[in-house]
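Trainee: Position chain B relative to chain A; hints supplied.
Chains as they are written, first to last, in the numbering used here: chain A, 873 to 1494; chain B, 47 to 201.
It should be emphasised that the hints constitute simulated quantities derived from the structure, not laboratory data.
Here a beta-carbon is modelled for each residue, glycine too, at the ideal position from N, C-alpha and C.
Keep in mind that a hint or two might mislead.
To be verified - Reference excerpt, derived from the structure (chain B facing chain A, CB under 8 Å, subset only):
(1) Y106
(2) G124
(3) V129
(4) R181
(5) N184
(6) R186
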Amino acid sequence: MAPFSSTAELHAYQQALVERRDPDRTVIAVCYGTGCKASGATELIDALKKAVQEAGCSDRVSVMPTGCHGFCEGAPLVVVHPRRILYTKVKPRHAADIVNKTALAGEVIEPLLFVDPDTGNKVVHEGELPFYAHQHRLLLGRHSTTNPEEIDDYLANGGYGAWARILDEQIAPEAIIELIKKSGLRGRGGGGFPAGRKWDSCRNAPGEVHYVICNADEGDPGAFMDESVLEGNPHSVIEGMIIGAYAIGFPHSRTEGYVYIRHEYPLARHRLAIALDQAREKGLLGDNILGSGLSFDITVNRGGGAFVCGESTALMASIEGFPGEPRAKHIHTVVSGLYGMPTNLNNVETWANVPVILNMGVQAYRAIGTEHSKGTKIFSLVGKVNNTGLVEVPMGMTLKDIIFQVGGGIRNGKRFKAVQTGGPSGGCIPASLIDLPVDFDRLDEVGSMMGSGGMIVMDETTCMVEVARYFLNFLRSESCGKCSTCREGIARMYDIVEGITRGEGKPGDVELLEELAEVVREASLCALGTTAPNPVLSTIRYFAEEYRAHIEEKRCPAKQCKALITYRIIEDRCTGCTACAKICPTDAITGVKDQVHLIHQEKCIQCGSCYEVCPVDAISVE
Amino acid sequence: MELEMVDRIVDRYDARSSALLAILQDIQQEANYLPQAALRQVARRLDIPLTRVVRMATFYAAFSLKPRGRFVCNVCLGTACHVRGAGRVLDQFQRTLGIGVGETTDDGLFTLQTVNCVGACALGPVVVVGEQYHREMNNRKVDRMLKSYRKQAGE
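Looking at chain A on its own, in the form it has when it is part of the complex (with noise of 0.2 Å):
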């Protein structure tokens, strides 16, 4: 097919693609994100296919692997269209039943329905899983429907429309600024900047080139949203870059894009690739596109496991074939930026929600968020909640409808303790601020920050301390070394943190950490710098007593810190099965089979290998 070289033969090919779908066919679609992946939904994709064959009925019943769906909890997740019945925890020996039952017989197969643990209710529909009822999905709704392999999916179903529409309707450049700003669009990455005046001053500086970045280097540990939406719906970062492109550099400039990606996402890569050379095929990227005057391609550069990388001109430079070693910003990168010239660089998430804001208007998109704080938000909610996954809740929702109505609580029925934001720039938010409602200034009051969505749960067994240790560490690895302050100040702080985790902690620590804190905040260049000290001032703020108890107890209260802690065999439970013996890796653990069993201390190594494998919970940590 010859590409479209004008809305009008977009629109049409939209218009007998909508035609010929059946809106009724049956589909089954599998979540084929990452997760569900990892969880062994190739083998269900091929065994589902393998039952349609068997059946014969290939030309009523479709396979689908579709991007990440959110309720990773449920994985692999199976959804069967038009019904839209949802089935969790679908193993490939399900296939057949759900082929010859449910597509051709319309019949529900009871024990692959989740069930609310809170009511006992069987859920059949998607649509009424408790974990989905509570978000507002602008972004992902469409995952369990699309195809993101298939550029017809995103077509049929309105894509590139909004990109028409400003093409049809002869929207200028400047107005389509406007309507960013008017939107209230901030950017999704972690500073929070407004992008419709990112995108302005960007236009409005000099250059021969003006260069539009989608940042997929999504480095914060514990955060897959942007892995997700380009897994899920790649088209729609696209079609975002598209606009950015024309908004800010048509007609003055010549414009070209680039993605950065983290090179631990191979499949989010792959599905963007497929994405872009399907948008060059149908002339919805290259030269003059769609008759526009607007000429824009994008190429994809592949990151190297440097978080700094995240950071705007480490990304840049990176991009240039450089260490990620990020520059002074006196001169702003949408002035200065890409070899030079100025560059626009928004997220994933920012990108994705360009076309959305475009298509539902400006007022709508207001209407949803809180004052300063506009549309919805994609957390990663993981960690020790119940619903682990992929949530997309209006902005200003609580911590408290987001961890307990969205994430059904916490796991085992354990105590919640914190939630951490931001990444490793961000911080731990206590159980007695629950009722903060979520927005970029909100976290920053409380010392956290929004980052780019993180969310990870933590119970009454997480050390505090230890959690503090664990950014520092994480840091003082990923620091790219430039700024002494940076490099050495999270290294000493590191050293100090450690310390109290082993028991060595003296007093003054705290207030040396503190210190510390304030150095490398104020004479650090880049944010990884600069917001280093939150996770270690947050948890002095939120959990000074756990802190004292190391310290001054040489106690943890959260029975982590291994140094400080012992494990011993409960005589009265202890029913001599020999699994703890046979798993302990340091032979620390004796006795003879039907009788109760030892743990030399002098051996034992605070593996926890016992605690683990223990049927009868015999094993207790003091």
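Mentor: Positioned in the frame of chain A, the structure of chain B alone reads:
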């Protein structure tokens, strides 16, 4: 080590020095690590100092300057995996394999690496070996997994 392979990769990027990161990634993908001869050839072909190539190869965590084992075990240390016990899982790897992070077993079978986050946070602790993801790992599963890879290697 075939220098033709390096040439082929460099040509793929029209010998542009801005593609240095991608070139090194492609070489590592084929050679399993970055051999010294390959780094020298890249510097020659791109007409840039060897120091710049080495600086790239040592700055980015994705690269290894030593040959890696047949099975590269990446233990995810992302926050979500961490709070669910990834540290214990890593300890178990070190104990069972008798090597530290970044090292390779003498039989050349296993290399132990850590990774900051693989984006499968709901399944933590996660270990990725090659293209295979192993979910909700614990000490027992580590031993079982290593055994099965050993068996696979013996076949």
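Trainee: Hint by hint, which ones does the structure fall short of?
Mentor: none
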